[in-house]
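> This is what each chain is made of:
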Amino acid sequence: MSLRRIFIVLVAVFMAWVVPGEAQTVPEKKIGNNSVLLPAIPRGQGDHCVADADFMRRNHMTMLMHQRDETVRQGIRGKPFSLKECVACHAVEGPDAMPVTVASPQHFCRACHDYAAVSIDCFQCHASRPDVVTDAGGQGGVVRGAARE
Amino acid sequence: MKRIIFSEIDGRSTGFRGLAAVLGGFFLIGLAAVLYVEHAGHYVTGGSNQVVWGLPDVFAMFLIVSASGVLNVAIISSVFRKTPYRPLERLSCLLAIAMLLGGLMILVLDLGRPDRVIVAMLNRNFKSVFAWNFYLYTGFIAVVVLYLWMQMERRMNRFILAAGLLAFAWRIALTTGSGSIYGVLVAREAYSAIMGPMFVAMSFSFGLAVYILVLLAACKGIDREIGAVLLRRLGRLLGIFIVAVLYFATVQHLVNLYAAEHSGVERFILLDGGIYTLLFWGGQVIIGGLVPLALIFISSRGGAPLSGRTVALASVMVIVGAFSQLYVLIIGGQVYPLPLFPGMEVSSSFYDGVINTYTPSLPELALGLGGVALAGLVVLFGMKLLRFMPATLANARTNT
Amino acid sequence: MSGKMKHTGIAAEFNPARRKFLGAIAGVASVTLAPGVILYGITRSGDARARKPGTAASPDVRWGLLIDVNHCDSGCDKCVSACVEENGLQGHGRPATDPQWIRKVKIHDPDTGLSQSLPVMCQHCAEPPCVDVCPTGASFKRADGIVLVDRHRCIGCRYCMMACPYKARSFVHEEIEDQKTYAPRGKGTVEACTLCIHRVDSDRLPACVEACNDAGGGAMLFGDLKDPNSEIARRVARYASQQIRGDLGLDPGVRYRNLST
Numbered sequence: 259m260s261l262r263r264i265f266i267v268l269v270a271v272f273m274a275w276v277v278p279g280e281a282q283t284v285p286e287k288k289i290g291n292n293s294v295l296l297p298a299i300p301r302g303q304g305d306h307c308v309a310d311a312d313f314m315r316r317n318h319m320t321m322l323m324h325q326r327d328e329t330v331r332q333g334i335r336g337k338p339f340s341l342k343e344c345v346a347c348h349a350v351e352g353p354d355a356m357p358v359t360v361a362s363p364q365h366f367c368r369a370c371h372d373y374a375a376v377s378i379d380c381f382q383c384h385a386s387r388p389d390v391v392t393d394a395g396g397q398g399g400v401v402r403g404a405a406r407e
Numbered sequence: 037m038k039r040i041i042f043s044e045i046d047g048r049s050t051g052f053r054g055l056a057a058v059l060g061g062f063f064l065i066g067l068a069a070v071l072y073v074e075h076a077g078h079y080v081t082g083g084s085n086q087v088v089w090g091l092p093d094v095f096a097m098f099l100i101v102s103a104s105g106v107l108n109v110a111i112i113s114s115v116f117r118k119t120p121y122r123p124l125e126r127l128s129c130l131l132a133i134a135m136l137l138g139g140l141m142i143l144v145l146d147l148g149r150p151d152r153v154i155v156a157m158l159n160r161n162f163k164s165v166f167a168w169n170f171y172l173y174t175g176f177i178a179v180v181v182l183y184l185w186m187q188m189e190r191r192m193n194r195f196i197l198a199a200g201l202l203a204f205a206w207r208i209a210l211t212t213g214s215g216s217i218y219g220v221l222v223a224r225e226a227y228s229a230i231m232g233p234m235f236v237a238m239s240f241s242f243g244l245a246v247y248i249l250v251l252l253a254a255c256k257g258i259d260r261e262i263g264a265v266l267l268r269r270l271g272r273l274l275g276i277f278i279v280a281v282l283y284f285a286t287v288q289h290l291v292n293l294y295a296a297e298h299s300g301v302e303r304f305i306l307l308d309g310g311i312y313t314l315l316f317w318g319g320q321v322i323i324g325g326l327v328p329l330a331l332i333f334i335s336s337r338g339g340a341p342l343s344g345r346t347v348a349l350a351s352v353m354v355i356v357g358a359f360s361q362l363y364v365l366i367i368g369g370q371v372y373p374l375p376l377f378p379g380m381e382v383s384s385s386f387y388d389g390v391i392n393t394y395t396p397s398l399p400e401l402a403l404g405l406g407g408v409a410l411a412g413l414v415v416l417f418g419m420k421l422l423r424f425m426p427a428t429l430a431n432a433r434t435n436t
Numbered sequence: 038m039s040g041k042m043k044h045t046g047i048a049a050e051f052n053p054a055r056r057k058f059l060g061a062i063a064g065v066a067s068v069t070l071a072p073g074v075i076l077y078g079i080t081r082s083g084d085a086r087a088r089k090p091g092t093a094a095s096p097d098v099r100w101g102l103l104i105d106v107n108h109c110d111s112g113c114d115k116c117v118s119a120c121v122e123e124n125g126l127q128g129h130g131r132p133a134t135d136p137q138w139i140r141k142v143k144i145h146d147p148d149t150g151l152s153q154s155l156p157v158m159c160q161h162c163a164e165p166p167c168v169d170v171c172p173t174g175a176s177f178k179r180a181d182g183i184v185l186v187d188r189h190r191c192i193g194c195r196y197c198m199m200a201c202p203y204k205a206r207s208f209v210h211e212e213i214e215d216q217k218t219y220a221p222r223g224k225g226t227v228e229a230c231t232l233c234i235h236r237v238d239s240d241r242l243p244a245c246v247e248a249c250n251d252a253g254g255g256a257m258l259f260g261d262l263k264d265p266n267s268e269i270a271r272r273v274a275r276y277a278s279q280q281i282r283g284d285l286g287l288d289p290g291v292r293y294r295n296l297s298t
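Taken in sequence, the protein lines are chains A, B and C. Each residue of the first sequence is one higher than the one before, starting from 259 at the first, in the numbering used here. Each residue of the second sequence is one higher than the one before, starting from 37 at the first, in the numbering used here. Each residue of the third sequence is one higher than the one before, starting from 38 at the first, in the numbering used here.
These are calculated hints, taken from the structure and not from any lab test. Heads up, some of the hints might be wrong.
Derived DSS-like pairs (lysine-lysine); straight-line CA-CA distance at most 27 Å [to be verified]:
1. C/Lys115 / C/Lys217
2. C/Lys89 / C/Lys263
3. B/Lys420 / B/Lys256
4. A/Lys342 / C/Lys178
5. C/Lys178 / B/Lys163
6. C/Lys217 / A/Lys337
7. C/Lys89 / A/Lys342
8. C/Lys263 / C/Lys178
9. C/Lys217 / C/Lys178
10. C/Lys89 / C/Lys217
11. C/Lys178 / A/Lys337
12. A/Lys342 / C/Lys217
13. C/Lys115 / C/Lys143
14. C/Lys178 / C/Lys89
15. B/Lys118 / B/Lys256
16. A/Lys337 / C/Lys89
Simulated restraints, written as ranges between beta carbons of each label pair [what the hints assert, rightly or not]:
17. C/His129 / A/Arg263: 47 to 55 Å
18. C/Gly112 / B/Val390: 18 to 26 Å
19. A/Gln303 / C/Leu151: 56 to 64 Å
20. B/Leu314 / C/Gly128: 30 to 38 Å
Under 8 Å between C-beta atoms, here's a sample of chain C residues computed to sit facing chain B [stated by the list, open to error]:
21. Arg140
22. Asp146
23. Thr173
24. Arg190
25. Cys191
26. Tyr196
27. His210
28. Leu285
No residue lacks a Cβ here, since even glycine has one placed at the ideal position from N, Cα and C.
Given these sequences and hints, build the entire structure.
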């Protein structure tokens, strides 16, 4: 019994040591009397998202999942909850002026998912940044939005 | 009938610990191989877009086919009322569960996305033989556990026949289903409808060979004797099953030869397929068939007893033949090109019209052995935890 | 759900040079989806009818290809390179494990001495064996006849590759990076020709067909086999055509003309 208690204490100490270390890159914010660590989420383009931010925060996975099955299996396109659109609108520019991939901790999806410690496998198959087209002149550019097709 | 006394094995001997350590080691190496392959991608295996199922599937099929085969020993006792086999019932059930688990482990871990097994459980296409097999495999474990319970709980003994019949029907369906994985592939010329029944015959033979070896090893390891009468029965039964497998292989190839369109693939397997021809004649037919057959029936002529060593040797040869047969069937059947344009000479950048190559890789071998090791561990610890082993297998108890 | 369409100012970003180029080959159609969102695409010759956004693929349509082997040059593989480019199929230099969605096959008849060359891809069967054997339903046939792999469900068992008579499918043996946004693909799953579904759904031709036309080959015709007025339906009604391994009864949507088997 005492062994178990020692173990729990050890784990607690370990967590206390590790967790703030992880959160150092995260901005701190005062809400009332509490100091809260928040994820550094890059803003998307335009005025607003396809739905309210609150709704998106809680339900984006359900919406994406639902629409993904409709699109893949029935061919329904042009609806608002498209992963491709998330990636395009929320693209974050890296030091080379090109959108970063999910390999970068600044990537929109990753910033929050790292914070929430929720792992996703979307980008094992899906592109994590907008298509990059190279012109004959060698100039790289980024194509955004459904209008490409 | 006298009561048979079963007991746990001690499990504190050096032999037990050594075996557990070796099996555990192989199991862990298998898991390490899986991590490596899943991380790097399947290109590090011998597999390709031409040969998509490789050595792990040979191991998995061996374990799954043998799993239903080892159960026959119990069924012979409870359904066909052969009392000499009664003390062997429980071990037979334990082995069946263990080998199926080992085979399933290999099948699942060789997937491209083993992390998505949950997806396979939530979405099922009922037209797929694989989907049927999912039910056949999981159901098999449930049925055999039920069957074991009927055997081990004395108040339930009266249901042994019913449970045995259910297990018998289930295992026939399971092996037919496993063979039909290949049988339904119309485009692959090496396969035909005979796969289902042939796999049933194969399971009888491979399963009994495995059973004999485990029994001999277990009896030796824990100093329990095994009677000459029982040994002779088991040996000669194995001989009969070997004949059945040879019979199906003969029909398989003779019928396929008859169709001119299949002469190419038959020529490849039987005549000029290199390693596949060698494995067919040398491994499957001679080592796995004719030699053990001769060994068993010549040694036991005129009521002569069969020694443990002879039966063990024959069993090992049957297992070598089993791996040869499955290798020729699974890999040889893929190596031979698909006939997109029958009668034409075909070439492309995608290996159309050429005999493909497959070289098994170390991680695939490790995964296969890992599955065998898992089966071994389940048997080993099963025998330690529950009363699977009869106290004696000496002749006095095996007289009918 | 308070869905509000987001406008990204596509028209401004659309590359004018590319637009001019595309316009030159097939004529650019633009469809206004919602104020500010404009859909550009190359119309399919003859039967332009892009599906409206938000509607499902229709079973009244069956997409198919008619490939005239006599017009297919044995030295040309423009269709293959267009497919690689379009779908981002650049391999790892390992031919045995690198995927190929379309390949040029050379056939030679030893009896007559005739040699021919033709592209082979997923044949988009009406009765696809890959769909039958798939344990999870990841392999499926869309209502308009296009056979696809739903990679969200694919567990990588490769049974479909065993069942396909055309060797049309590839297993992704290695990690993939920088996929195209419209052609997701990843390690451990099976993939094959999608008839460029992203193009077809926006009223454009599959990349291979477009490339063949651009090269002046004109060997590949894409269209709706169920529409009696489409060019492909008229041609298959007028001239003899055949399916590869038609004897298997799978009724592929890809047909060949002047194939000598």
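> Could you work out which of the previously given hints the structure breaks and list their numbers from low to high?
Hint check: nothing fails, all pass.
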